[in-house]
Amino acid sequence: MIEIQVRLFGAFRKYETDQALISLKIPELSSIEGVKNSIASHFKERFKDFSDEALIKDSAIADERRVLEANTLIERSCTLAILPPVCGG
Amino acid sequence: MCDHESTWCIVTEKRINPVDVFELASDFGHGAQNFFFGAVRSKNLGRTVVAVGYDAFTPLAEATLYEIANEAKAKWGSTLKICIIHRIGKLEVGELSVAVGVSSPHRDESYQVSRYIIEQIKLRAPIWKKEFYDDGETEWLKGHALCQHSHHHEENENIEEGVSGNKPTGTC
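Chains as they are written, first to last, in our numbering: chain A, 1 to 89; chain B, 1 to 172.
Hint data in this document are derived by calculation from the structure and do not stem from the laboratory.
Source: prediction; values computed, not measured.
Hints are supplied without guarantee of correctness; some may be wrong.
Stated by the list, open to error - Stretch-level coverage of chain B by chain A, calculated; a stretch enters the list once three of its residues show a Cβ under 8 angstroms from a Cβ in chain A:
id : segment
1  : 55–64
2  : 68–82
3  : 86–100
4  : 128–141
Unchecked claim - Computed list of lysine-lysine pairs in BS3-like fashion (alpha-carbon distance at most 27 angstroms, straight line):
id : chain 1 : residue 1 : chain 2 : residue 2
5  : B       : Lys73     : B       : Lys122
6  : A       : Lys14     : B       : Lys14
7  : B       : Lys14     : A       : Lys57
8  : A       : Lys57     : B       : Lys142
9  : A       : Lys14     : B       : Lys142
10 : B       : Lys130    : A       : Lys44
Stated by the list, open to error - Computed spacing ranges between beta-carbons, pair by pair:
id : chain 1 : residue 1 : chain 2 : residue 2 : range
11 : A       : Ser51     : B       : Phe35     : 36 to 44 angstroms
12 : B       : Arg115    : A       : Glu16     : 31 to 39 angstroms
13 : B       : Pro105    : A       : Ile2      : 48 to 56 angstroms
14 : B       : Ala32     : A       : Glu75     : 32 to 40 angstroms
15 : B       : Pro105    : A       : Arg46     : 52 to 60 angstroms
16 : A       : Arg46     : B       : Glu119    : 47 to 55 angstroms
17 : B       : Asp27     : A       : Ala40     : 45 to 53 angstroms
By construction, the Cβ of each residue, glycine as well, lies at the ideal position given by its N, Cα and C atoms.
Use the sequences and the hints to build the structure in full.
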């Protein structure tokens, strides 16, 4: 297992506690879908009224440089971000 | 993020000063300057808006703005000067949320580039807004899923530490 940090933005801000990121333990070489499933499990465990599975499904996983493609594998500890659908401007 | 010569892409908590945009997106060799300013409006979907809170993943947002600007240069000309500024934080009605300044040799490309940039910002920039209504309620606005718009860049791009695999799939 490896530990990753995930930053929260937009509609996920309501799940912040003391920091704007969460820590997760995930299997080495997890896929993007696996990361999103781990995030959903994390929220379900901590928030009884969690109901944003669909929003997680529609969200992208990114690092500071790029949105990660669906076939990206997470090899080691790192900091990622979950990005809900965007609406700048 | 900027190249300090012809492209400025900034996400900031500071108020947007249109004069700054005018000065950055100017060139004595260009005959056209085009400016787009987006502002917080007081109505949306029948509700009275009193403020909008903008959230952004700033490093990636600035990188995305820079990428969009470079796409415009590749399509309409490398001599373009481009300034893109996006606000974050809580903005009151009437405040400027985004500015796009384009300087080009002739007017046609400046109009096209300006439109291209603002449309791509709405589709791709990791920025979100929460509306504050007059009845005290708030709502994060729905938007465009980034996983449908992720771009694949150079074939030999360095792999970010901790992740591997970068073939495009175009899905979440």
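Structure-based check of each hint:
Under the rule that three or more residues need a Cβ within less than 8 angstroms of chain A, the assignment of the segment 55–64 of chain B holds, with 7 such residues. A count of 0 residues in the segment 68–82 of chain B with a Cβ less than 8 angstroms from any Cβ of chain A is obtained; the coverage claim is therefore unmet, three being the minimum. Given as covered by chain A, the segment 86–100 of chain B passes the check, having 3 residues with a CB less than 8 angstroms from a CB of that chain where 3 are the minimum. For the segment 128–141 of chain B, the assignment as covered by chain A holds, since 5 residues bring a beta-carbon within under 8 angstroms of that chain's beta-carbons and 3 suffice.
Taken as a hint, the B:Lys73 and B:Lys122 pair is honoured in the structure, with Cα atoms around 19 angstroms apart against an allowance of 27 angstroms. Distance check on the hinted pair: A:Lys14 and B:Lys14 sit about 25 angstroms apart at the alpha-carbon level, within 27 angstroms; holds. As the CA atoms of B:Lys14 and A:Lys57 are separated by approximately 33 angstroms, the hinted pair breaks the 27 angstroms bound. A threshold of 27 angstroms between alpha carbons decides the hint, and for A:Lys57 with B:Lys142 the separation of about 14 angstroms falls inside it, so the pair holds.
For the proposed pair A:Lys14 and B:Lys142, the alpha carbon gap of about 15 angstroms is at most 27 angstroms, so the pair holds. At most 27 angstroms may separate the alpha-carbon atoms for a hinted pair to count; B:Lys130 and A:Lys44 meet this at roughly 24 angstroms. Take A:Ser51 and B:Phe35: their Cβ atoms lie about 42 angstroms apart, and the range 36 to 44 angstroms holds. At about 36 angstroms, the beta-carbon gap between B:Arg115 and A:Glu16 stays in the expected band of 31 to 39 angstroms.
At roughly 52 angstroms, the beta carbons of B:Pro105 and A:Ile2 sit within the given window of 48 to 56 angstroms. For the pair B:Ala32 and A:Glu75, the beta carbons lie near 48 angstroms from each other, so the given range of 32 to 40 angstroms is not met. Judged by the Cβ atoms, the range 52 to 60 angstroms given for B:Pro105 and A:Arg46 holds: they are separated by roughly 56 angstroms. A hinted range of 47 to 55 angstroms is violated for the C-beta pair A:Arg46 and B:Glu119, which are about 38 angstroms apart.
Between B:Asp27 and A:Ala40, the C-beta spacing of about 50 angstroms keeps the proposed range 45 to 53 angstroms intact.
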